[in-house]
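J.: Chain residues, written in single-letter form:
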Amino acid sequence: MSSVHKMKEGYLNILGLAPAYVVMLFMMVIPLGIIVYVSMMTSDPYGGFISEFSLDSFQQILFVTDWDDNLQLDLQYLNIIGRTLLLSLITAIICLCLAFPVAFYIARQSASRKALLLFLVMLPFWISMIVRVYAWVLILSDNGVLESVLSFLGLVDDMDSLLYNNGAMLVGMVYSYIPLMILPIYASIEKLDLRLVEAASDLYANRFNTLFRIVLPLCKPGIVAGIILVFVPCLGTVLEPMLLGGGKTMLMGNLIQNQFGVARNWSFGASLTLALLAIVMIFLMLQALRASRLKQQEQ
Amino acid sequence: MKEIIQIKNMSKSYGSYQAIKDISLDIYHNEFFTLLGPSGCGKTTLLRTIAGFETPTSGTIKLHGQDIQDLPAHKRRVNTVFQNYALFPHMNLAENIDFGLRMLDWSADERAQQVGEMLDLVHMKQFAKRMPSQLSGGQQQRIALARALAPQPEVLLLDEPLSALDHKLRQDMRDELQALQRETGITFVFVTHDQEEALAMSDRICLLAHGEIQQLSDSIDIYENPNNKFVADFIGETNFMPVSVKDRSDDAIVVDTPLGIDIKVANTGFKKGDEATLSLRPEKISINAKDLDVNIEGEVIHHRYMGGYTHYTVRVDGGHELRVSRGNEISNDIRFKLNERVRLSFAYASARVLAA
Ligand SMILES: Nc1ncnc2c1ncn2[C@@H]1O[C@H](COP(=O)(O)OP(=O)(O)OP(=O)(O)O)[C@@H](O)[C@H]1O
Ligand SMILES: [Mg+2]
Chain B
1 MSSVHKMKEG
11 YLNILGLAPA
21 YVVMLFMMVI
31 PLGIIVYVSM
41 MTSDPYGGFI
51 SEFSLDSFQQ
61 ILFVTDWDDN
71 LQLDLQYLNI
81 IGRTLLLSLI
91 TAIICLCLAF
101 PVAFYIARQS
111 ASRKALLLFL
121 VMLPFWISMI
131 VRVYAWVLIL
141 SDNGVLESVL
151 SFLGLVDDMD
161 SLLYNNGAML
171 VGMVYSYIPL
181 MILPIYASIE
191 KLDLRLVEAA
201 SDLYANRFNT
211 LFRIVLPLCK
221 PGIVAGIILV
231 FVPCLGTVLE
241 PMLLGGGKTM
251 LMGNLIQNQF
261 GVARNWSFGA
271 SLTLALLAIV
281 MIFLMLQALR
291 ASRLKQQEQ
Chain Z
1001 MKEIIQIKNM
1011 SKSYGSYQAI
1021 KDISLDIYHN
1031 EFFTLLGPSG
1041 CGKTTLLRTI
1051 AGFETPTSGT
1061 IKLHGQDIQD
1071 LPAHKRRVNT
1081 VFQNYALFPH
1091 MNLAENIDFG
1101 LRMLDWSADE
1111 RAQQVGEMLD
1121 LVHMKQFAKR
1131 MPSQLSGGQQ
1141 QRIALARALA
1151 PQPEVLLLDE
1161 PLSALDHKLR
1171 QDMRDELQAL
1181 QRETGITFVF
1191 VTHDQEEALA
1201 MSDRICLLAH
1211 GEIQQLSDSI
1221 DIYENPNNKF
1231 VADFIGETNF
1241 MPVSVKDRSD
1251 DAIVVDTPLG
1261 IDIKVANTGF
1271 KKGDEATLSL
1281 RPEKISINAK
1291 DLDVNIEGEV
1301 IHHRYMGGYT
1311 HYTVRVDGGH
1321 ELRVSRGNEI
1331 SNDIRFKLNE
1341 RVRLSFAYAS
1351 ARVLAA
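If you're matching them up, the sequences are chains B and Z in order.
By the numbering used here, the letter at position 91 of the first sequence is numbered 91, and the numbering carries on one by one without gaps.
By the numbering used here, the letter at position 26 of the second sequence is numbered 1026, and the numbering carries on one by one without gaps.
Hints are computed from structural coordinates only; laboratory data are not their basis.
Certain hints may be false.
[Said to hold, decoys possible] Only pairs whose alpha carbons sit at most 20 Å apart, straight line, appear in this in silico EDC-like list of lysine to aspartate or glutamate: (1) Z:K1062 with Z:E1003; (2) Z:K1075 with B:E52; (3) Z:K1008 with Z:E1095; (4) Z:K1021 with Z:D1291; (5) B:K295 with Z:E1003; (6) Z:K1129 with Z:E1095; (7) Z:K1264 with Z:E1299; (8) B:K220 with Z:E1003; (9) Z:K1284 with Z:E1297.
Source: prediction; values computed, not measured.
Extracted from the complex, chain B is given alone in its bound form (with noise of 0.2 Å):
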């Protein structure tokens, strides 16, 4: 091929992939620029920001200034973090431990089952968020469904109640993100080919070896990318805190939203945004940095 037609090419590549560009810009990278800036900025007590540098902000993730200006640390926030990260897992361990077999089985099933499982599976995103979670309210309340239905079958005279703690917000974020998980577990299940299997077998494996040496091993990539696919947005999630952990557990997602609401206080909220974003990027980068790995040994 001549240098005049590679170039030409290259031109096309550049205005092909313009689009994406111009979405990236606005959807990410102004966005993004204008949260740095409302970080770095003073907040308004009254709402918004008045244009004057400073770095307080991030000193206050960290940092209290009592009555002497004296710098004091302060660890509620940290805590918050710590909570949210310790919660988001464990939603993902729950998810992964549920989502396996579900997707094992979806994927054994005929082709025209398969897509009216794999349709179910992914109803609950054609309803609002805030319905769906709202549904665990009227399920876990005091009188809700569930005590109801236990209380008629005599299980239970008076629970106490089942909502506004750590528990009824690992429920909500379990059901809200395991669809994430289902999905990618399911394509690598589907891709997984079952001659392995028996040949397993045929190799003296009973079925525990068989899932843990070559099953779980094989759907590996679907695994990582659940867990990426309901970690992450866990991180951020504002509803489960909101509605079922009774906002007195706070977890980021809400304590972000506060800080533009009620809190009024633009640039802390703008500054925790970016150390959750900050979070997020070092586990995706370990990933990355995994794979890329694994590639390399491979060659």
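With chain B held as given, fit chain Z with the ligands onto it using these hints.
T.: What follows is chain Z with the ligands alone, placed relative to chain B:
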């Protein structure tokens, strides 16, 4: 000879479709046993019931005299070389071979030694740390073989292991497989739809069609003395002609043929007046050579050069066409031309009379 596998009255149905119909057969110790047959005849199904991936609908399978039809695959001392090899893609070659040994709880030392020996056996020592995706088809095939042999099974099942290889490699692997079988003394049950492969390698061949055994005997017998038309047709090539029995004595019958002559063949249970089929292999007919029991004349109407030999079609006087093959021993200057008149000869002993 001692039986290692005994299959009795085994049937296997998928819904209303009967893939295996009431098969009984014995496989002996240290034997190279081949299941041969056209596509869809049930070879894989039979093999999978022995391996334990399918349970027979009825009948029994014994391994060493012990009923195994209800034993799960991972408890049978039987290993399989899969048609597409089914190597574990996330393990290197040594780990693939090691897998079965690990599952059988061999000690680390024994495992390391056995893996090394197996890699040597298939000449793949230098590739131990490679991943399966980095191998050619032939190399994958060797590793699949090594992996299946490593746990020292009583029986090795091979489902068309050579079918994905090119012709030359396939012929080399034939010799290697056969040598391997002799060396290890393990019973091989080998599935193929390639009759040439079956003839070349097997101690005994079981020819299947439509889920039923057509004939079970050694290579020479199955080729020279086919049980029926299907066997004669499937193994090698042959000329069929309709005949009727004119006369019979205790050990021989005389049939009249469309070649315009009568042929005397061994009696295989026919009565006077029976309609039958005569089978005559192309290579048993010689052209312009010394006289034999039957000598007839005809005209070459077609020839096809095949390298080692040439196929001729000769229309004998009276109209019937015979296929004749002749080795190209000297050079091609004695080939018979189109429309050339030739004399064909064959011995009575070469002809076989089969049920019509
Ligand atoms: N799981 C199954 N469900 C339904 N029918 C099956 C199943 N497995 C095999 N069969 C049918 O059983 C018959 C025998 O199949 P089998 O795979 O044993 O043939 P084969 O002799 O190995 O053929 P090939 O040489 O093509 O591999 C076929 O007609 C096939 O359609
Ligand atoms: Mg088959």
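J.: Hint by hint, say whether it matches the structure.
T.: Against the structure, the hints come out as follows:
In summary, the hint linking Z:K1062 to Z:E1003 is supported, as the alpha carbons are separated by about 9 Å, within the 20 Å threshold. A distance of roughly 76 Å separates the Cα atoms of Z:K1075 and B:E52; the hinted pair therefore is violated under the 20 Å criterion. In summary, the hint linking Z:K1008 to Z:E1095 is not supported, as the alpha carbons are separated by about 38 Å, beyond the 20 Å threshold. At roughly 47 Å between alpha-carbon atoms, Z:K1021 and Z:D1291 are farther apart than 20 Å, so this suggested pair is violated.
About 50 Å separates the Cα atoms of B:K295 and Z:E1003, which puts this hinted pair outside 20 Å; it is violated. Only pairs whose Cα atoms come within 20 Å are accepted, and Z:K1129 paired with Z:E1095 is accepted, the gap being roughly 8 Å. For the hint pairing Z:K1264 with Z:E1299, the CA-to-CA distance comes to about 25 Å; that exceeds 20 Å, so the pair is violated. Taken as a hint, the B:K220 and Z:E1003 pair is broken in the structure, with Cα atoms around 45 Å apart against an allowance of 20 Å.
The hinted pair formed by Z:K1284 and Z:E1297 meets the criterion: a straight-line CA distance of about 16 Å does not exceed 20 Å.
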